[in-house]
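Asks: Sequence:
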Amino acid sequence: MSRFSNLSKQAPILEARKFTFANVEGAPFLMSYPAAEINKPFYNESLRRVAARSRNTRGRKAKVTTDTVAASRNEDRDMLADFCVVGWGDVVDNEGNTVEFSKENVKEFLHALPDHEFDDYRAWAQDVTNW
36 MSRFSNLSKQ
46 APILEARKFT
56 FANVEGAPFL
66 MSYPAAEINK
76 PFYNESLRRV
86 AARSRNTRGR
96 KAKVTTDTVA
106 ASRNEDRDML
116 ADFCVVGWGD
126 VVDNEGNTVE
136 FSKENVKEFL
146 HALPDHEFDD
156 YRAWAQDVTN
166 W
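Residue numbers (my numbering): 36 to 166.
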């Protein structure tokens, strides 16, 4: 038995947790898995994309610009929609109608969020201490 077996009790559990957009009218919420290694489908897709980018920039320095930052954020919006968000509530459209949960609707919602609101959600989802 390891002298540090107590640390394994600290491991995060893969389950959906609630994130509320408290600063968005109506306080819509997402049920989300983490955007981290414990979410294997998300993590594997992240690794695949990093490898693809690495192949594309081989032999030259990658440039960081406002355009590349925006493109990266939009890729993250799609990744979280595809691999993390598994439900939602209190999400309404421009006319106040409840919007049905679907991956496409989640993508549209995440892309419509102001960057700072999306960034708050992304940071929360990446923090495994929330699980």
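Do not take every clue at face value.
Computed cross-link-like contacts, BS3-like style, restricted to lysine-lysine with a CA-CA straight-line distance of at most 25 Å [claimed, not checked]:
#: 1; residue 1: LYS138; residue 2: LYS98
#: 2; residue 1: LYS75; residue 2: LYS142
#: 3; residue 1: LYS96; residue 2: LYS44
#: 4; residue 1: LYS53; residue 2: LYS138
#: 5; residue 1: LYS142; residue 2: LYS53
#: 6; residue 1: LYS75; residue 2: LYS53
Simulated from the structure, these hints should not be mistaken for laboratory data.
Asks: Mind listing which of the numbered hints don't hold for this structure, in increasing order?
Replies: 1, 3
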